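Student: Below are the chains, spelled out letter by letter.
There are 2 protein chains.
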Amino acid sequence: LSFHDRFDDLKLLKPVIFTGKEVLLLDQTKLPETEKYLKLKNCGEVAKAIKTMKVRGGGAIMLAAVYGLALSAINSRGNLKILKKDAEILKNTRPTAAALFQAIDFILRIAEKSSNVAEDVQQAANWLFKKTVEMEIKVGENGSKLFEDGDTVLTHCNAGALAAAGYGGVTLSVFRKCREKGKKIKVFVTETRPYLQGARLTLWELKKFGFDAVLITDNAVGYCMQKGMIDKVLVGADRIAANGDVANKVGTYLIALAAKKHKIPFYVSGTIDPKIKTGDEIKIEIRSPEEVLIFNGKRIAPKNIEVFYPAFDITPHQYVTAIITKDGVFKPPYNFGG
Amino acid sequence: LSFHDRFDDLKLLKPVIFTGKEVLLLDQTKLPETEKYLKLKNCGEVAKAIKTMKVRGGGAIMLAAVYGLALSAINSRGNLKILKKDAEILKNTRPTAAALFQAIDFILRIAEKSSNVAEDVQQAANWLFKKTVEMEIKVGENGSKLFEDGDTVLTHCNAGALAAAGYGGVTLSVFRKCREKGKKIKVFVTETRPYLQGARLTLWELKKFGFDAVLITDNAVGYCMQKGMIDKVLVGADRIAANGDVANKVGTYLIALAAKKHKIPFYVSGTIDPKIKTGDEIKIEIRSPEEVLIFNGKRIAPKNIEVFYPAFDITPHQYVTAIITKDGVFKPPYNFGG
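If you read the protein sequences in the order shown, they are chains A and B. Here the first sequence stands for residues 1 to 338, numbered as in the working numbering. Here the second sequence stands for residues 1 to 338, numbered as in the working numbering.
One chain only, chain A, in its complex shape:
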């Protein structure tokens, strides 16, 4: 029984698989048309795949990176110098991915103390995989208490199975646990321009697991809430500040405003960063205009125009009804700073 087979009864979606010789990455840029795994034979190939967004989502990126280090350790027969060099290459792929940095440093600390680097790095990577699955299940368990049978839940972007080890991330895990408890959930999914992670990834996941799901444009959130079509909102968070301010995919704040107006609970789950006091301290990534301008290989706007593409926004804690973590459900006032 291989390591990954141990999780078979959990029906993981497996965006990242380690075979002992290769890292297999489900190519998320090809979804939903094509389900194809990239076979990566060394750490350099893994780094390139992360950089070009073949894999995305905090947990999935982190797992791809640590298995990349496992390949580095195996291929170099435990050469610590090569491992450290590869660690730097991995860190440079997505400079804002907090979980990736922490995991790489964790692996390096283990390698430095190890007498069998190749073996111990693999074990540590597997341990992180297992911990991620456990986190997903706990978040699902805790979050499921907030939902009722028959709820229609709006979500934004993708914070599901493809963004983690594959059980369901911080959103799909909740829906799966609801179902286990006999609560039927219907999900409204925003398409999430410009990368359409909602339309391309979240809907694909929900269909895989047989959920009732509806695609809407980002613009239609207000209409759907006005018409009473949405009971609750559940979104992921790239980072949650100590005071409960939420950094997530741009558009989250508009959804939160509309939810507040229509008295719809707005739930968030994601990584809490207790060192960050408020959302003001979170730097928002302004990404390339090309990501907005080029769609399916074609330009959608006139030439020589200015484009402003903030990829995230901050939802102030006043709009957040509850924060779901592996440790429980937290309600205001939020104080994660200790």
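These are calculated hints, taken from the structure and not from any lab test. If you're wondering where the values come from, they're calculated on a predicted model, not measured in any experiment. Some hints could be false.
Since the list gives no way to pick one copy over another, a pair counts as held whenever it fits inside one copy or between any two copies.
[As the list claims (entries may be wrong)] Straight-line C-alpha distance at most 30 Å; calculated DSSO-like pairs for lysine-lysine:
{"id": "1", "residue 1": "39", "residue 2": "84"}
{"id": "2", "residue 1": "21", "residue 2": "39"}
{"id": "3", "residue 1": "186", "residue 2": "36"}
{"id": "4", "residue 1": "227", "residue 2": "277"}
{"id": "5", "residue 1": "51", "residue 2": "36"}
{"id": "6", "residue 1": "277", "residue 2": "263"}
{"id": "7", "residue 1": "232", "residue 2": "11"}
Assemble chain B onto chain A, guided by the hints.
Tutor: Below, chain B alone, put in the same frame as chain A:
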């Protein structure tokens, strides 16, 4: 000097041109890549072009239709029976276009009383064109009083020159008049999924007239307002109820919510329908899932999923700071019912 040449000093963008023998329609489905006029030789061709959205925007559709009737009258040498049949075909192209219905009935009334149908239908169509240009200029004049030199204005979808006779519709007209008065305006434009009329049409117009313009995704409205990047909002309206409720392209309501939160004036200009008491009476067009699902010829979501695409939403009058018409600027409480 032909009829359309008389407007040369206004620098019209001319989405609809009548040559006396043909209707020339700027193909709005090909913008911004290609500026191509369709040459339509009879009323059936015009009806087909309206139905397939080669021309869109209330005023432009209306003008295309009345010039289609002019072709019908000329080609049939004033045959009233043929004219009425063609009028029915035109009415069936876009069953919710109020201005199109009113204009066709106006033309038919004139034709019924006329001794020279072919000539009088042409004259009536030209009169409607002239009236539309005058309306655009008056809206521009009135609206420009609400803006200051240096304002950054957010707009949504396209309610500019391409949606009317070509002076500037109800949004670009305001910006043009501001400039005439020495007020420099910068415009933020939402891309406006799914048809991207903001990215494809509004930006193209603004560039044509040399305005400073920035494209953002629909999702980025909240972020831009949070950061103090937007001073005012100006949007068109497909229909305004007697109490000031506004029906406009879906997403307008979310923008209004965010504007209210950030104390940003939210201005609207469009057709007032005094017979409609409140927004509750306005039927929202639910359009085809294909319009969301197919983008540049490619599918963006998995197969067999449910899509819900309301094309418009209602912004309650409480969110509307002022309504701009050709007759002036109206402030709350609104009472257009008489």
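Student: Would you mind marking each hint as holding or not holding in the structure?
Tutor: For each hint, the structure was consulted:
no., hint, in the structure
1, 39 / 84, "within (23 Å within a copy, 67 Å between copies)"
2, 21 / 39, "within (10 Å within a copy, 64 Å between copies)"
3, 186 / 36, "within (28 Å within a copy, 45 Å between copies)"
4, 227 / 277, "between (37 Å within a copy, 19 Å between copies)"
5, 51 / 36, "within (18 Å within a copy, 40 Å between copies)"
6, 277 / 263, "both (27 Å within a copy, 26 Å between copies)"
7, 232 / 11, "within (26 Å within a copy, 50 Å between copies)"
The structure meets every hint from the earlier list without exception.
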